[in-house]
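Just so we're aligned, residue 2 is where the sequence shown starts under this note's numbering, counting upward by one.
In case anyone wonders, no lab produced these hints; they're calculated from the structure. For glycine and all other residues, C-beta sits at the position ideal for the given N, C-alpha and C. Check the hints yourself; a few may be wrong.
Mimicking BS3-like on lysine-lysine, the simulated pairs with C-alpha atoms at most 27 Å apart in a straight line are [claimed, not checked]:
id, residue 1, residue 2
1, LYS353, LYS379
2, LYS324, LYS365
3, LYS126, LYS169
4, LYS66, LYS137
5, LYS126, LYS66
6, LYS379, LYS337
7, LYS353, LYS365
8, LYS126, LYS143
9, LYS137, LYS353
10, LYS126, LYS137
11, LYS66, LYS169
12, LYS143, LYS337
13, LYS143, LYS66
14, LYS143, LYS194
15, LYS353, LYS324
16, LYS337, LYS141
17, LYS365, LYS379
18, LYS317, LYS143
19, LYS337, LYS137
Simulated restraints, written as ranges between beta carbons of each label pair [what the hints assert, rightly or not]:
id, residue 1, residue 2, range
20, ASP75, ASP446, 51 to 57 Å
21, ARG414, TYR99, 32 to 38 Å
22, LYS194, ARG171, 23 to 29 Å
23, GLU107, ASN78, 31 to 37 Å
24, THR447, PRO326, 38 to 44 Å
25, ILE348, LEU131, 16 to 22 Å
26, ALA349, GLU221, 29 to 35 Å
27, THR355, ASP139, 28 to 34 Å
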Amino acid sequence: MDYEPVDVLVIGAGNAAANAALAAHEAGARVAMLETAPVDARAGNSAFTGGAFRFVYDGIDELLKLDPSIADLDLANIDFGTYTTEQYFDDMGRLTDYRCDPDLTEVLIGGSYQSALWLKRHGVKFQPALGRQAFKVDGKFKFWGGLACHIHGGGLHLVAALHAALEKARIPVHYDTTAYQLLTGDAGIQGVKARRGGRSFDLRAKSVVLACGGFESNAEMRARYIGPNWDLAKVRGTRFNNGYGHRMAMDIGAASAGHWSGAHAVQWDMNAPPYGDISIGDRFQKHNYPFGVILNARGERFLDEGLDFHSYTYAKYGHEVMKQPGLFAWQVFDQKIVGLLREEYRIARITKETAGTLEELVTKLTGVDPVAALATLKAYNAAPRPDVPFNPNVHDGFRTIGLPIDKTNWAQRLDTPPYHAYGVTAGVTFTFGGLKVSTEAQVLDTSGNPINGLFAAGEIVGGLYYHNYGSGTGLVAGVTFGRIAGEGAARA
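Sequences are here, hints too, so could you generate the full structure?
Rendered as structure tokens:
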């Protein structure tokens, strides 16, 4: 493979990287990409995403520009609502305890809809998220949570479309090639040292974009930064995000930013493989817990399952599971909810138990104290509730009263057999600690000055997420800052 010098070298081949490369190419630069994975495992976590895309929209006209086929739906019975800039800011602030970098957050939100249009221009298809972000109640769908559209076909389609665009632009992607050191000179970045097949070499470039993900695939770094037992956690996606980008940038004086002891971690099938399986994608996740009850090994509930819509709690509740004895839990549902369970609860590779009674079910929950579990479920069923209807599309206030941990929404009793239970542990999606960047996606040094010729985008950027995460913002951040980084790298 030809490793000739280029204007812009992009490290990575996922969502942020591909969009950085395309933006740099459209700005007139000669571009190449390095991907540490082989071609059949390319694109990092982007290949595993479910495709949620959180963007500002004022109504259906903006959605029709992304997916004209929405016009063919029964629109009289679908309430798409709106998602305003103010709502987006409120969600980002509320979910991160108001720690998110305000300047980066403004760039993210301000560019969100244009990023969706950019993807569409490059062959990515969108579709309404019926059944994922809107349930049918009394014959009508009502959207909640700002996620009206998803990427059609999820990560596999996203990656295929972006790499088709890269091929059309004749941007080479060097697979099985790992960048491990930045080359520097008096004028700034001059390229990288890389290795392929045991051979090390220099690849010269006038600027470099680091878009190579977080460090979630590195068990040692997870334990060091996130904490004890996190080396034992499952990884939802790629096994290739090992933190090389963080290390080589910080080795030349780049500043760190963000929540280094934090990560996006969800409830994930307890018997899933250590890393993501692309044939399963994101379907080991189990996100309908707001409508059921979660038990730990002691047979206790340990969180408020109905605190909020799953889009606003799923990325932090994996952490709660990791705090439990044995690092696992069981989600329990009855037949009133089974019809609402997403497709991920019906895959063949699943840790699942069913029973005709709660007494029988608790004996089947591996690792759980059955006596305590039955007492917990009976107490949950017996707890008083207000006389309000169950409604999965709103915070319905259908709550328990008087339990050690009350469930504050969607607290239907578990009284309609057969009962289903699903075993879960934590699955790490990406880590929150990263590099400090400017609003122009320039990597900053520890004195706050830009490092000439060095840019970053995607999961390696720190400062957007603390403690929690709103679904769909990761892809948007990758596109938005990827475009900015690519254009800036081309100018450099």
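Query - Hint numbers contradicted by this structure - result: Going through the list in order, the structure violates hint 14 alone and respects the others.
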